[in-house]
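So the protein sequences, as listed, match chains A and B. Our numbering applies: residue 1 is where the first sequence begins, and numbers increase by one. Our numbering applies: residue 1 is where the second sequence begins, and numbers increase by one.
Hints listed in this document are in silico derivations from the structure and should not be mistaken for laboratory results.
Now the stretches of chain A that chain B is said to cover, found in silico as 3 or more residues with beta-carbon under 8 Å:
{"#": "1", "stretch": "18-28"}
{"#": "2", "stretch": "48-54"}
{"#": "3", "stretch": "60-67"}
{"#": "4", "stretch": "98-109"}
{"#": "5", "stretch": "141-149"}
{"#": "6", "stretch": "161-171"}
Partner residues aside, some chain A positions facing chain B, computed with beta carbon under 10 Å:
{"#": "7", "residue": "Ala45"}
{"#": "8", "residue": "Gln71"}
{"#": "9", "residue": "Ser126"}
{"#": "10", "residue": "Gly129"}
{"#": "11", "residue": "Asn223"}
{"#": "12", "residue": "Phe224"}
{"#": "13", "residue": "Asp227"}
Residues of chain B clear of chain A, computed beta-carbon distances all greater than 10 Å:
{"#": "14", "residue": "Asp46"}
{"#": "15", "residue": "Tyr58"}
{"#": "16", "residue": "Pro59"}
{"#": "17", "residue": "Gly62"}
{"#": "18", "residue": "Gln112"}
{"#": "19", "residue": "Gln283"}
{"#": "20", "residue": "Met290"}
{"#": "21", "residue": "Ala355"}
{"#": "22", "residue": "Arg387"}
{"#": "23", "residue": "Thr395"}
{"#": "24", "residue": "Ala399"}
{"#": "25", "residue": "Leu416"}
{"#": "26", "residue": "Ala438"}
Beta carbons are placed, not taken as given, at the ideal position from N, Cα and C, and that holds for glycine.
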Amino acid sequence: MAPVATTPAVTIDLSTSSIRQINELLASPDAPQALTITNPRGAHALACGLDAELEVTIDGHVGYYCAGMNQHATVTVNGNAGVGVAENMMSGSVRITGDASQSAGATAHGGLLIIEGNAAARCGISMKGVDIVVGGDIGHMSAFMGQAGRLVVCGNAGEALGDSLYEARIYVRGKVASLGADCVEKSMRGEHLAELKELLDAAGVDADPTEFTRYGSARNLYNFHVDNASAY
Amino acid sequence: MTTTTPGLRESATFDRDVIHEIQRAAETGIYDIRGWGAKRRLPHFDDLLFLGASMSRYPLEGYRERCDTDVVLGDLHAKTPLHLDIPITIAGMSFGALSGQAKEALGRAASQVGTSTTTGDGGMTPEERDQSKTLVYQYLPSRYGMNPDDLRKADAIEIVLGQGAKPGGGGMLLGQKITERVAAMRTLPEGVDQRSACRHPDWTGPDDLAIKIVELREITHWEKPIYVKVGATRTYYDVQLAVKVGADVVVVDGMQGGTAATQEVFIEHVGIPTLAAIPQAVQALAELGMHRKVQLIVSGGIRSGADVAKAMALGADAVAIGTAALIALGDNHPRYADSYRALGSEAGFYDDFQAGRDPAGITTQDPALAKRLDPVDGARRVANYLRVLTMEAQTLARACGKSHLRNLEPEDLVALTVESAAMARVPLAGTNWIPGAASHAG
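Start from the sequences and build out the full structure, keeping to the hints where you can.
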């Protein structure tokens with residue numbers, strides 16, 4: 001494989017570079033402040049483990065774990081993303097202009113994940129502080145065991161939303177196919193409308209916060225009680 | 001079954017333990033949760049014997065001829081494999097399940113004898129990292145406390161698919177142990193009963209796991225060895241798949257392996273004994289041409305240097321200890337006999353690790369109890385114990401004419417029982433008979 005060629009516009013063509021070369025460059029102290037990656041062709045583990053205030057734009061579809069464990073960087077995928085986009089993100093932001101596959105933002109601790117299209121099953125599974133804004137629908141078991149953070153869904157949510165939820169907060173504008181164990185509808189108070197507006201603005205989504213419904217944990221399963229045995 | 005009273009006959013099916021459990025279940029409406037590993041009698045290393053050298057084999061002189069003990073782990077794909085002085089490592093146990101003092105002591109002990117220790121569910125504490133020369137970072141389904149900074153600080157990464165005490169089960173840490181610090185590390189409300197998922201949240205099978213391993217390698221620049229840990233069940237297939245997905249090291253944990261908190265029914269009724277798992281794992285590796293290239297670490301019921309030597313003779317590259325390390329730290333020590341009794345147990349029987357009231361200060365988050373364990377003293381005991389295990393294993397290896405522990409081989413072993421001969425795939429003592437030898441294909 002030839003050495004990574006960077007043009008003055010700092011564009012790297014993945015058809016002539018390897019994932020390792022690109023990730024190594026992005027992790028190095030000499031990483032360009034802004035970088036565009038072309039021809040990703042569904043590559044896995046692209047731009048993962050970033051740990052600096054970089055701006056990375058990927059023109060095309062990406063595979064699994066794009067921007068995984070992101071810290072500080074701003075990553076934009078002009079296309080669709082495979083499984084586990086921005087999984088375990090700590091900070092920074094990731095935007096997917098298309099759709100995202102399963103487990104988008106899984107276990108992420110911080111930062112902002114924006115999916116302009118739809119997200120498949122388990123979006124925000126075990127989320128631990130991340131904010132996720134989805135322009136379209138999300139699949140089943142989303143926010144399963146969500147511990148902290150906010151999940152905003154401008155479309156509809158699939159089955160078992162928020163199952164076994166801890167303290168993550170969920171806002172859905174459309175219909176919810178079903179709620180998971182211990183996930184309940186909650187009232188929208190002023191502070192919720194305010195934080196939702198803030199999230200929508202941050203994501204660049206034009207939507208009216210009053211059209212959303214809030215869901216959260218009933219906290220009935222926090223400590224085992226025999227009367228709740230059927231819910232486990 | 002009889003009592004001391006003539007004429008009273010105890011049921012073998014409904015014995016006193018069974019009756020007690022039925023009564024307990026009826027009273028409480030919840031399954032029994034406890035720590036430790038399987039307590040039932042199982043075919044184990046005690047059922048194997050070494051064939052020391054005699055006329056047909058040449059022994060090494062006990063105190064003058066070398067018997068080396070070092071092991072390299074993870075040199076297949078990782079740029080920086082681990083080089084340990086002894087092949088006995090400390091298994092993954094979490095801060096949360098264990099006190100900070102216990103974790104520090106284990107790290108200190110491992111460092112003193114040149115081996116590794118391992119984090120657990122809940123992440124890495126600075127104390128543990130500071131005290132552990134070689135620290136393996138567990139990557140678990142819950143990802144509690146998981147972050148890329150700690151991933152990069154680790155010396156190796158262990159992807160946990162399961163553990164011997166509960167293959168197929170998730171974790172739990174009851175509210176008593178979710179203190180402010182533990183809760184903060186795991187992003188949980190204080191005092192909740194923490195549940196850990198049994199499946200990873202962002203991959204579902206071996207093809208996905210192969211990609212996950214690439215991601216972990218990319219984030220850590222292909223430096224760290226990647227372990228894959230499985231609870232022993234379908235070990236032949238699991239180990240082959242672990243190799244296929246790109247593991248540098250496979251960890252197989254037999255059903256005697258310990259737990260901090262699991263349902264009794266799970267501990268005693270799921271999985272296979274360590275003895276049965278090792279030959280399956282070795283066969284899987286050998287058929288792929290990967291035995292000794294992808295290293296095999298075995299855990300679950302390792303107690304003595306004899307167990308270490310037998311596991312290695314069966315083909316393991318190293319072993320891991322958990323329960324035994326806790327005992328060396330002071331768990332179940334008679335000095336706390338009165339305290340154990342006050343908890344309804346006895347020294348030698350205590351297994352309520354989930355309750356967080358450990359008199360020895362090990363499986364607790366209670367500051368007053370945890371203070372009872374001095375990390376420096378505890379480390380000295382564990383280091384002593386690790387040295388004894390090593391010397392015992394060397395003694396046996398020399399007797400078999402081996403100048404390195406890894407040179408021990410199945411040919412050095414015989415079995416005392418038909419069951420252990422079939423499981424370990426070594427002949428019944430005094431015979432050439434390996435029961436089921438023709439059917440040992442995976």
